[in-house]
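One letter stands for each residue in the lines below.
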Amino acid sequence: MASAVTSPPQAGKPQADPARRRRRTGAAPRRLPYLLIAPAGLLMLGFIAYPVLSVFYYSLQHYNPTKPWRNGFAGLDNFTRIFTDDPHFWGTLSFSLKWVVVEVTLQLLFGLALALIVNQTFVGRALGRALVFSPWAVSGVLTSAIWVLLYNSQTGITRYLADLGIGEYGTSLLSDTATVFPAAIVADLWRGVPFFAILILADLQSVPKDLYEAAEVDGAGRIRQFLHITLPHIRDAIVLSTLLRAVWEFNNVDLLYTLTGGGPAGETTTLPLYIAHTSVDAHNFGYASALTTVAFVILLFCSMVYLRLSKFGGDGK
Amino acid sequence: MTAESTLTAAPAPGAAQAPPPLDRTPPTAGRKRRPAWDEVPRWQIYLPLGIYLVFTLVPFYWILLFAVRPAGSTSLLPWPMTTDHFEKVWTERSFGVFFQNSLLIGVAVLVMTTVVALAGGYALARFDFRIKKGFMLALLCSQFVPGALLLVPLFQIFAELRMINSLGSVIIAETVFQLPLSMILISGFIRNVPYSLEEAAWVDGCNRFSAFRIVVLPLLRPGLVAVGSFAFVHAWNHFLFALMFLSSQSKQTIPVGLNTLMGADSVDLGALAAGGVIAAVPVVIVFAFIQKWLVTGFSAGAVKG
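Chains A and B, in that order, are what the protein sequence lines are.
Residue 1 is where the first sequence starts when you use our numbering, and the numbers rise one by one after that.
Residue 318 is where the second sequence starts when you use our numbering, and the numbers rise one by one after that.
It is worth saying that the hints were derived from the structure and are not from the lab.
Since this is a predicted model, take the numbers as computed values, not measurements.
Glycine is no exception: its CB is placed at the ideal position from the N, C-alpha and C atoms.
Do not take every clue at face value.
As the list claims (entries may be wrong) - Stretch-level coverage of chain A by chain B, calculated; a stretch enters the list once three of its residues show a Cβ under 8 Å from a Cβ in chain B:
| no. | stretch |
| --- | --- |
| 1 | 33 to 40 |
| 2 | 49 to 56 |
| 3 | 78 to 89 |
| 4 | 109 to 120 |
| 5 | 130 to 137 |
| 6 | 271 to 285 |
Pulled out of the complex, with its shape left as it was, chain B reads as follows (with noise of 0.2 Å):
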């Protein structure tokens, strides 16, 4: 596995500018693409994707349910509604305030990480320097070092710092864990745009930063999204690092949260059911957003769970 095959490996979606080529439906109707006995029966498809899907969105659907009927109730139905779960979770179980929390660390997550991984990613694809084969296996090593296993470390270098209960702790935390991953994507991004076009706004005028700036970034935006969307989820659902770092209640996160809403002795179902909807509203809209480029901005080299 080496450090090259793997940059390579990385499909830009920003280098072409055209939109990915995902959901080319067949250009008429009534064309044949493959000759008639090769054509996949309908029903093979559907009928195991219709067996997924039921297995996939029955969980969904339970949740919805549990959120929105009211307590006691046992329809299957979501119906008469209710929005009593959600109103007690969001006051009375701070979840108005985890949100808050659980978003500011996502966004900060992904601006620090978008922000240092361009930077780094721009020197690894267009610079030749001598510790750069070392950084590029310590990026790969750093993939199979679990932050789980690391908690007691980071809380001493925390408390050193004065970090402990701050959100501060988890931003770092989460940023540092989310880097290497994100500046090999970016390196691959990069290279696949093509270095002679900085080098004609170079002959412009343009000094290395303004050219990367007016020519670049724009073509690596797709990328960028991807990535930056990769680490706020990462950020908004990770659960460890704010469960150990952050003590008071105030400073908790979403997933923290749940966590404790499951735990009591006797679970609220129906609050439960509200708090998850909340966790998973964020990152439904990041997915929808970034759903085209999942299958084109990633590639199996590069992506951890």
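Pulled out of the complex, with its shape left as it was, chain A reads as follows (with noise of 0.2 Å):
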């Protein structure tokens, strides 16, 4: 309680005499700290913290503002459901898991390696570098749009593809079950791999240069340069915005809701887009809190395997 201020490491004055810093301050530092943390703590609590619970407390009830009838404690009959007889939860939830590897894998490398290159010295390089990143600020639903143009089957590119002897006239990319896959792949590509560019390029600045001028000196070529200097690194800071990555990926909605509506034929439905139409459709809030749940249970379980297998942190350097 004496020292209820601490000065960070750089302020190289030794602790003063709390009393009389308090009195020069002005302030009472002892509830300050609670003071200002108070507009942020109250915000998380009631509008994350309150609804999370009400997740897991809906997850163990019937509750369906249209059936009132039915609604009363469940027990864990919504979770029995939900693993034994739910037709979709197993194939949303590999969807899920297909959608998050192909994009988080192919994001990492083509942005690894988009940020090994703007990170070079070149003409053109502030330009470059702003025109590469610049989809990571577009929306989820404005990059639906552009594809959406992009893809449709009378005006889209596939229409000048036809024209140069690719492909054939009428091909509707995101209604056919064989090429909807790729098609929305490659949409979110084009705005997740700028997000990665962007965060390993920033890593890439942290890393010392005398590095690699001693390397240099030692005759260790690029790829080694890369491999024993760059790489360990960075790799903390890819493990971490991987991680980021996937929860968000597996959550966001935006992009699949708007292109393809989880369609066709129910083909690109994740389990949150599943959830959402659980909820906002069918209104069967106890079931989709009970949905939720599982995911919260699979997202920790799949972030902790993950950390284990990166050997996050680890003791090696």
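With the hints as a guide, bring both chains together as one complex.
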């Protein structure tokens, strides 16, 4: 209590007498930090923590505003139904995993390559960076709008490719179950690659330059420099951003909701999209809450496994 | 993943007053940075970059093209040009109203997020207090909580508060999900401003608040611009909350309007393209503004899409 105020390491002065400081600063430091975090804390309690708890609560209830006679405590009924008697759960879950794995892997690879390229010194670098990064700021809905135009069977890119003799006229990439997955993947890559490129580029800047100079003196080529200097330095950042991106891709519904609507024939419905349909369209809040709880557990489990496997923050350094 | 490591990883563009060291061109054109055998051949830069640029820019070109060329035209050049689609979308499809709503939401989220996160970030950077560790943990965990999965309970809360169909619901929801990240970033920025600067200002007679305002705030400006822009772009772009919480046409936002255009039975491509261009304009402006801070301003530990 005596040192309610601590100086960070940069502050050269030793800890001054706290009583004197308090008088000088005119504030009551013991209560001040709580006052400062109160707005943020209250907002997060009310609009994140409480909703999460209520999801857990409703997952154990039958709750459907349109069928009030059935409402009441359900025990584990909802969960039993998910795992044994739901025609959509496993399908949407496996599509979600496929979507996340393919998206994040490709985004990471292209993003890394792009970051390495624009980290070089060359004429036009500033402009190149700005252009390459620009889709990052584009929303999921706008991305959908753009690619709906590009994929349109009458006036889209396939028409002009057909003019050149590639493919057939009237190809509708988004309504064919064979092409909808790659088509959606490409659209999301367009927006997602810059995210990784920006993050990796930020970390590339933090690699000490003299390491490369030393490596050059030792005769290490570019590939060995990349493997032995660059990669170990940016590994932790890559692990973290991959994880965050995977969670984000799993949860993100904007793009698929507007681009394919989960179709054709439910072919591109992710688990969160299915949850949204269950709660918003079918009003089955209890069941949707149970699905949400399962999604939380899956996310938590995958995150922990991933951090383990990648030996995040390992002792190797 | 400890709280500390995430925080210290965030570089503060505000700490150094020098411009970010991003676009440093080599001092003299004639001097080679590296020995010739190790210089990356130019084609290895320009060829892949060029190919990627085509992939990036063709979609942008496509939407611009559809927005300005007359309906029914199949020309690949934006000529003759027309503003028909823009006029139609702006008035008939109410994008003028949507634009106002989106702008209002974006600015309100920007202001609320920055102010609340600044207060919280200062507390996290400068004080030790009993619940600090737990609070930090909550911030990090909340990055994994998807707003999309909380639609129903959030809807119920806003219904309780009688805020359904008022912009306030969307403003609050967007702010809340923007806060954890913003607070982590801002506390990192503040940490990078030496505490001794503040202490010196106290000696000169400032109280804690005026010392913060006079000494720290100016140094935080680039960081705050980045965080604020991030919040604005996010609120401008985000779709689900507005779709769920705002029911009447006069309250809807640009992304919801775009979705409506796409969902129509026969999509009016020209109108959709023009609407898309309108949706992109503010974001492009903000992006051009913050682009040089993007790379230095955000660290991996603290950014979510």
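Checked hints:
Judged by the Cβ-Cβ criterion of 8 Å, the stretch 33 to 40 of chain A is covered by chain B as claimed, because 6 of its residues qualify and three suffice. Against chain B, the stretch 49 to 56 of chain A contributes 6 residues with a C-beta closer than 8 Å to a partner C-beta. That satisfies the three-residue criterion, and the hint holds. For the stretch 78 to 89 of chain A, the proposed coverage by chain B is not satisfied: 0 residues have a C-beta within less than 8 Å of a C-beta in that chain, short of the threshold of three. Residues of the stretch 109 to 120 of chain A with a Cβ under 8 Å from some Cβ of chain B number 6, which satisfies the need for three, so the listed coverage holds.
Under the rule that three or more residues need a Cβ within less than 8 Å of chain B, the assignment of the stretch 130 to 137 of chain A holds, with 8 such residues. With 6 residues having a beta carbon nearer than 8 Å to a beta carbon of chain B, the stretch 271 to 285 of chain A meets the requirement of three or more and the stated coverage holds.
Violated hint for the displayed structure: number 3, the only one.
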